[in-house]
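What follows is each chain in one-letter form.
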Amino acid sequence: MPVKTMVEAIRETLADEMARDERVMVIGEDVGTLGGVFRATEGLQAKFGEHRVVDMPLAEGVIVGAGLGLALSGLRPVVEIQFLGFGHQAFHQIGQQVARLRYRSAGRHSVPMVIRAPFGGGVRTPELHSDAFEAFYAHCPGLKVVAPASAHDAKGLLNAALDTDDPVLYLEPLKGYRLQRDEVPEERYVVPLGSSRVVREGADLTIVAWSAAVQLALQAAEDLAAGGIDAQVLDLRSLVPLDVAGIAAAVSATGRAVVLHEAPLTGGFGAELAATIQQECFYDLLAPVHRISAPDTPYPLAGIEEAYVPSRARVVREVRALMEVAP
Amino acid sequence: MTRFTPPSEPVEPLRILDSSGALLGETAMSDAAVLEAFEWMLLTRTFDQKATSLQRQGRFGTFSSVRGQEASVVGAASALDPARDWIAPQYRELPAILRHGMPLENFALYFMGHPRGCVIPDDVNILPIQISLAAQLPQAVGVAWGLRQQGRDGVVTTFVGDGASSEGDFHESLNLAGVTKAPVVFFLQNNGWAISTPRAKQTAARTFADRAAGYGIHGAYVDGNDLLAVNAVMVEAVARARAGEGPTLVESLTWRAGAHNTADDPTKYVTDADHAAWEGTDPLARVESYLRRTGALADAGYAEIQARCVAEVDRALGVAQATPAPGAEALFDHVYAEPFARFEQQRAAWLQMQEA
Numbered sequence: 001m002p003v004k005t006m007v008e009a010i011r012e013t014l015a016d017e018m019a020r021d022e023r024v025m026v027i028g029e030d031v032g033t034l035g036g037v038f039r040a041t042e043g044l045q046a047k048f049g050e051h052r053v054v055d056m057p058l059a060e061g062v063i064v065g066a067g068l069g070l071a072l073s074g075l076r077p078v079v080e081i082q083f084l085g086f087g088h089q090a091f092h093q094i095g096q097q098v099a100r101l102r103y104r105s106a107g108r109h110s111v112p113m114v115i116r117a118p119f120g121g122g123v124r125t126p127e128l129h130s131d132a133f134e135a136f137y138a139h140c141p142g143l144k145v146v147a148p149a150s151a152h153d154a155k156g157l158l159n160a161a162l163d164t165d166d167p168v169l170y171l172e173p174l175k176g177y178r179l180q181r182d183e184v185p186e187e188r189y190v191v192p193l194g195s196s197r198v199v200r201e202g203a204d205l206t207i208v209a210w211s212a213a214v215q216l217a218l219q220a221a222e223d224l225a226a227g228g229i230d231a232q233v234l235d236l237r238s239l240v241p242l243d244v245a246g247i248a249a250a251v252s253a254t255g256r257a258v259v260l261h262e263a264p265l266t267g268g269f270g271a272e273l274a275a276t277i278q279q280e281c282f283y284d285l286l287a288p289v290h291r292i293s294a295p296d297t298p299y300p301l302a303g304i305e306e307a308y309v310p311s312r313a314r315v316v317r318e319v320r321a322l323m324e325v326a327p
Numbered sequence: 001m002t003r004f005t006p007p008s009e010p011v012e013p014l015r016i017l018d019s020s021g022a023l024l025g026e027t028a029m030s031d032a033a034v035l036e037a038f039e040w041m042l043l044t045r046t047f048d049q050k051a052t053s054l055q056r057q058g059r060f061g062t063f064s065s066v067r068g069q070e071a072s073v074v075g076a077a078s079a080l081d082p083a084r085d086w087i088a089p090q091y092r093e094l095p096a097i098l099r100h101g102m103p104l105e106n107f108a109l110y111f112m113g114h115p116r117g118c119v120i121p122d123d124v125n126i127l128p129i130q131i132s133l134a135a136q137l138p139q140a141v142g143v144a145w146g147l148r149q150q151g152r153d154g155v156v157t158t159f160v161g162d163g164a165s166s167e168g169d170f171h172e173s174l175n176l177a178g179v180t181k182a183p184v185v186f187f188l189q190n191n192g193w194a195i196s197t198p199r200a201k202q203t204a205a206r207t208f209a210d211r212a213a214g215y216g217i218h219g220a221y222v223d224g225n226d227l228l229a230v231n232a233v234m235v236e237a238v239a240r241a242r243a244g245e246g247p248t249l250v251e252s253l254t255w256r257a258g259a260h261n262t263a264d265d266p267t268k269y270v271t272d273a274d275h276a277a278w279e280g281t282d283p284l285a286r287v288e289s290y291l292r293r294t295g296a297l298a299d300a301g302y303a304e305i306q307a308r309c310v311a312e313v314d315r316a317l318g319v320a321q322a323t324p325a326p327g328a329e330a331l332f333d334h335v336y337a338e339p340f341a342r343f344e345q346q347r348a349a350w351l352q353m354q355e356a
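These protein sequence lines map, in sequence, to chains A and B. Under my numbering, the residue at position 148 of the first sequence is numbered 148, and the numbers go up by one with no gaps. Under my numbering, the residue at position 66 of the second sequence is numbered 66, and the numbers go up by one with no gaps.
For reference, chain B alone in the conformation it holds in the complex (with noise of 0.2 Å):
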């Protein structure tokens, strides 16, 4: 036995279907709960395009597309049950915030700046959108360690990046989670860039996921744009968490096919030969040929699901655009619980101002 760690041999991730949508293993995945997943990542990339063209006319803000991703959120939130389940995102997971109830709408409104954005419907449980990186894992574990101390049923799964998961709070939340085994599953998010930088200028682990051993909780690596291998390594993950076996640390291996923002110009940063290695690994792409496959989907059902997907985009940036704009009051809305003396003059006088 040597005192040093050799170094580690490559290793794959978990892959269910292949990119050509045949299946290389078994799916617990029914057709029926496919089709469902496929419509929130078509939906997705509908409001992607439709806020990507929105945004270069000047009537959306910057906001971070999830293309390329799709497979990923919406497999993880896929083993999610809203009822009782908890989401703390980071801000590129879309899919799954709707999924658990979010109003597509509110998520336009705050990519527009509108307060009313931050609305999250009361029986929602989701915490708002992270801008912060990694700020919500801390959170994310001690709501989950909450619900077990009450005996109340529920895991919290938390949303972040391959970047994020260099600050602090990464760290010291999986290390929380391992010690009070709380039930909460980490969906670490690799898409291969923190802005511009790349994943090796990230890490000097193998995987992210190898990092779990060291806060004694379980791992796993799968293949991000794989819609059924996500499924089944977080429908895993969420039992073993909800049995009371503790935390999973789960790296889902994606792409983001896009920019890190509206903001953002990856041509500066990504090149031909980093894209040509992800050619043809469209998670969409993949699940419709699988679907097609098993015959549970052919055009008359696809440009039904497409019809959908579109009116209710339509519908969503409709009513975010017909939002009257806000007003100075909503500065003051919800900053506390119990507001005092000079809050309460503060804003009156605010008010006041911007009547003069």
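One chain only, chain A, in its complex shape (with noise of 0.2 Å):
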């Protein structure tokens, strides 16, 4: 089976869906000649032309508002945010109008579109580049919020994203999109909405986790399994809807939750997560669920976004001690 880095899952992907259905349709800031400032849709206005794969105006509201109107057309626009921290500018659209437009329409108007965002640090970009503010939008009742950690997912969600009636937003680890390799079948598949999978199987505790934050959860967990401790680690793949039952039974098997993400800690969706797992598992839980997150400040300059961003040994440091708290 073909190895692929996630950003070449999703512009293949984004390639045969457009072969395969014609009312799919590529708008964004530099998406066309450019292919995209992280290359995700390079060759595909080549290919389409530039009236299915289209270079807009730079303004993120009228982008999504208007991919919101192909929708309603007829069509099955995937609309590009260049960077999910200029999502402010579109957030109107996206949780006021997109979101909730079938509920206002009484069932008339479903509103069929991806919207797809990069988020998340690690990669030294300017200021105001790198939020991972995924909580605003999974908190926007209408919303599927999607945010797949590997190659084979990125390629499985989008599909599933394709698939739906329901608007979905699919966020893209910046830091992923070159380093996640992974194996991506050819032939087309889909990742269900609203499945979680079990990344690395151990007993002592699970780390629940998505997008970039998989991986660090992953290397941590080797970290840990060197020192005795069995962490299994559990990728969400999808905010909304939410594995609900993949998550209980996880935590059930092991009895200590911590919860990984880079977004600032309060109100953050670890916070969801915390809750909604005190709630199903509360009498196997052998210690409280823990957070690891950034702090409540915001996003940093590049010098010291890695003091901000949750590091491997931060994680190894923390979860040893979750472990010492006595049942």
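Where hints are given, some of them may not hold.
Stated by the list, open to error - One side of the interface only, derived from the structure: several residues of chain B facing chain A at Cβ under 7 Å:
| no. | residue |
| --- | --- |
| 1 | 20 |
| 2 | 120 |
| 3 | 133 |
| 4 | 135 |
| 5 | 138 |
| 6 | 175 |
| 7 | 178 |
| 8 | 179 |
| 9 | 299 |
| 10 | 300 |
| 11 | 334 |
| 12 | 336 |
| 13 | 342 |
Stated by the list, open to error - Restraint ranges, calculated between C-beta atoms of paired labels, are given here:
| no. | chain 1 | residue 1 | chain 2 | residue 2 | range |
| --- | --- | --- | --- | --- | --- |
| 14 | A | 128 | B | 339 | 33 to 41 Å |
| 15 | A | 186 | B | 168 | 41 to 49 Å |
| 16 | B | 83 | A | 185 | 40 to 48 Å |
| 17 | A | 185 | B | 84 | 41 to 49 Å |
| 18 | B | 23 | A | 107 | 40 to 48 Å |
| 19 | B | 206 | A | 58 | 23 to 31 Å |
| 20 | A | 187 | B | 214 | 49 to 57 Å |
| 21 | A | 189 | B | 245 | 43 to 51 Å |
| 22 | B | 346 | A | 203 | 31 to 39 Å |
| 23 | A | 37 | B | 216 | 21 to 29 Å |
Stated by the list, open to error - Pulled from the structure, derived: some chain A residues nowhere near chain B, Cβ distances all over 12 Å:
| no. | residue |
| --- | --- |
| 24 | 122 |
| 25 | 126 |
| 26 | 159 |
| 27 | 164 |
| 28 | 186 |
| 29 | 201 |
| 30 | 278 |
| 31 | 302 |
| 32 | 305 |
| 33 | 316 |
| 34 | 318 |
| 35 | 326 |
These are calculated hints, taken from the structure and not from any lab test. Even for Gly, the Cβ is constructed at its ideal location relative to N, Cα and C.
Taking the hints as your guide, dock the two standalone chains into a single complex.
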């Protein structure tokens, strides 16, 4: 089976889907001639023409809002927001318009669109690019939010996102775009929205993560194993829908849970998970659910981002401390 | 040639019908078409009056009257073909969405707070009423652009107010429409007020229509209380869009004769002098007078139209008032096309909670 990077998987899936379904259209800033600042859409305009792969004026609000209109007209737009950090300029269209149009029209208008946005840090971007504000969007009823951690899932989740008639925010890890490489089947397949996966089996505790944090969790698990702690790693893959049953089963099996993300602590999606785990697994828990996150500060300039994003050593340290909590 | 644009001269809006109902130029509207438009205008006025009275009695929710803007809205809508064209409304365009096929009882239910008011029949090409100002404009451009991409006939008309034109979505949308040449008409109703903020505090531009030039699209400035002029401008804008010649920004200069909505008190900010400037500009009176001059309307005909309007308003409000109150299950309807386990569990729990 061929091994691909995440960005390759995304690019090839877009090409396959555009070839398969002429309703699929790609719009965004710099997605055409340049092929996207991360080259996720490279070659698509040459292949499908400038009417299906469109370089848009620099305005996130109208990119998303026009995408909504394209979806209503019968097309299946894939909208690229260059960095989720600039999603603020489109937040009203995403959270207030796209997410609830179906509700506001009593089912008359569904919004089958995918909004792709790279997010998260660790690649020394300029200021304001790296925010991991997935929790904002998971809080918007009507919107689905997915965050693949592997090239395999990037393809399967993108296909699932294109298949559903609901709008999907599809988050791509800046750090994982090229670093993450794994096996991607050639044929079309779907990773169902709302299905988590156990990436690493382990008996002592469960680390729940998504996107780039999954690799971090796996690396920490190696270090922990060397010290005799057997960590299970659960990749959420999808924030909305949330695989509550999968999370409960994973945490109940180990009795301890760590939620790992690089967004700030307060109101982060880790809070949602901690509450869910507490409710679902209360009698199996041997220690409080622990969150490892960024601090409640803005994403810093590149010079100190390593102090901001959770590190491998920090995960190891905090997991060890959690293991010492007596039941 | 100077390097700076000089102050611009005042400009007059296009007018075909003077305030006494006399023709100042030619019209392509037949008497039958004007009569039909007049009936939509009168229906709206009748609804406004009835709904305001019910609102005062506590039997109807807060709503925004169209009073004073009937020629503007109907004149715009009369250029559209409901079978293929789309409307992306704001919230003060009742006759336009009615003419496009929205049942009056749904509109009433919406403003009575009933979820069934959100129902848009499957064959009716409108977006929901928009409360978040200007948010419908990017969507209108997208629909128009998408129709053209697919080789489908259809022009999208989106309504926006003078206040909403200060929003970023307004500027981003006109810009994108210009770039894509989407078949969209931006119909800006300058009714003098954004709640209490007067037009003069909204923009320093000479007219809102002037802004079209900055986006490289066509602009038109029309007397919004003149049905014939609004129709003429819109017919041209729609034809141009349909022919692939791109978008138009129409500024319809009108007057909000009433309050912003039933919760508003314009006596706090609209002066007698403000009103005096618009004395005698009631668009219904102007059209009625015109139709009486052409002989298309006499007392008997007027009475018939009036009776039909009253009957329709009574019927719709009757249906709305007889609609059973919504149950809690409606909270969960139409949120997702494909709901999932956690959502369905919440729905079940909510219903159980209501029954307890």
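Against the structure, the hints:
1. 20: At about 42 Å, which exceeds the 7 Å cut-off, the nearest Cβ of chain A leaves the hint on residue 20/B violated.
2. 120: holds, 4 Å
3. 133: violated, 10 Å
4. 135: holds, 5 Å
5. 138: Holds: closest Cβ of chain A sits about 2 Å from residue 138/B, inside 7 Å.
6. 175: holds, 5 Å
7. 178: With Cβ-Cβ at 9 Å, over 7 Å, it is violated.
8. 179: Nearest chain A Cβ about 6 Å off; hint holds.
9. 299: violated, 42 Å
10. 300: Result: violated, 40 Å to nearest chain A Cβ.
11. 334: Holds, about 4 Å.
12. 336: This hint holds: residue 336/B lies near chain A, its Cβ roughly 5 Å from the closest one there, short of 7 Å.
13. 342: With Cβ-Cβ at 6 Å, under 7 Å, it holds.
14. 128/A with 339/B: 33 to 41 Å: At 35 Å between Cβs, range holds.
15. 186/A with 168/B: 41 to 49 Å: holds, 44 Å
16. 83/B with 185/A: 40 to 48 Å: holds, 46 Å
17. 185/A with 84/B: 41 to 49 Å: Since the Cβ atoms of residue 185/A and residue 84/B sit about 43 Å apart, the hinted range of 41 to 49 Å holds.
18. 23/B with 107/A: 40 to 48 Å: holds, 47 Å
19. 206/B with 58/A: 23 to 31 Å: Holds: the Cβ-Cβ distance is about 28 Å, inside 23 to 31 Å.
20. 187/A with 214/B: 49 to 57 Å: holds, 50 Å
21. 189/A with 245/B: 43 to 51 Å: For residue 245/B against residue 189/A, whose Cβ atoms are near 45 Å apart, the range 43 to 51 Å holds.
22. 346/B with 203/A: 31 to 39 Å: Holds, at about 33 Å.
23. 37/A with 216/B: 21 to 29 Å: Given range 21 to 29 Å: holds, Cβ gap about 27 Å.
24. 122: holds, 30 Å
25. 126: holds, 23 Å
26. 159: holds, 14 Å
27. 164: With a cut-off of 12 Å, residue 164/A comes too close to chain B, as the shortest Cβ separation is near 5 Å.
28. 186: Residue 186/A clear of chain B: closest Cβ-Cβ about 27 Å, beyond 12 Å.
29. 201: holds, 24 Å
30. 278: holds, 16 Å
31. 302: Non-interface label on residue 302/A holds, nearest chain B Cβ at 29 Å vs cutoff 12 Å.
32. 305: Holds, because the least Cβ-Cβ distance between residue 305/A and chain B comes to about 30 Å, which exceeds 12 Å.
33. 316: Given that every Cβ of chain B is farther than 12 Å from that of residue 316/A, nearest at about 32 Å, it holds.
34. 318: holds, 28 Å
35. 326: holds, 33 Å
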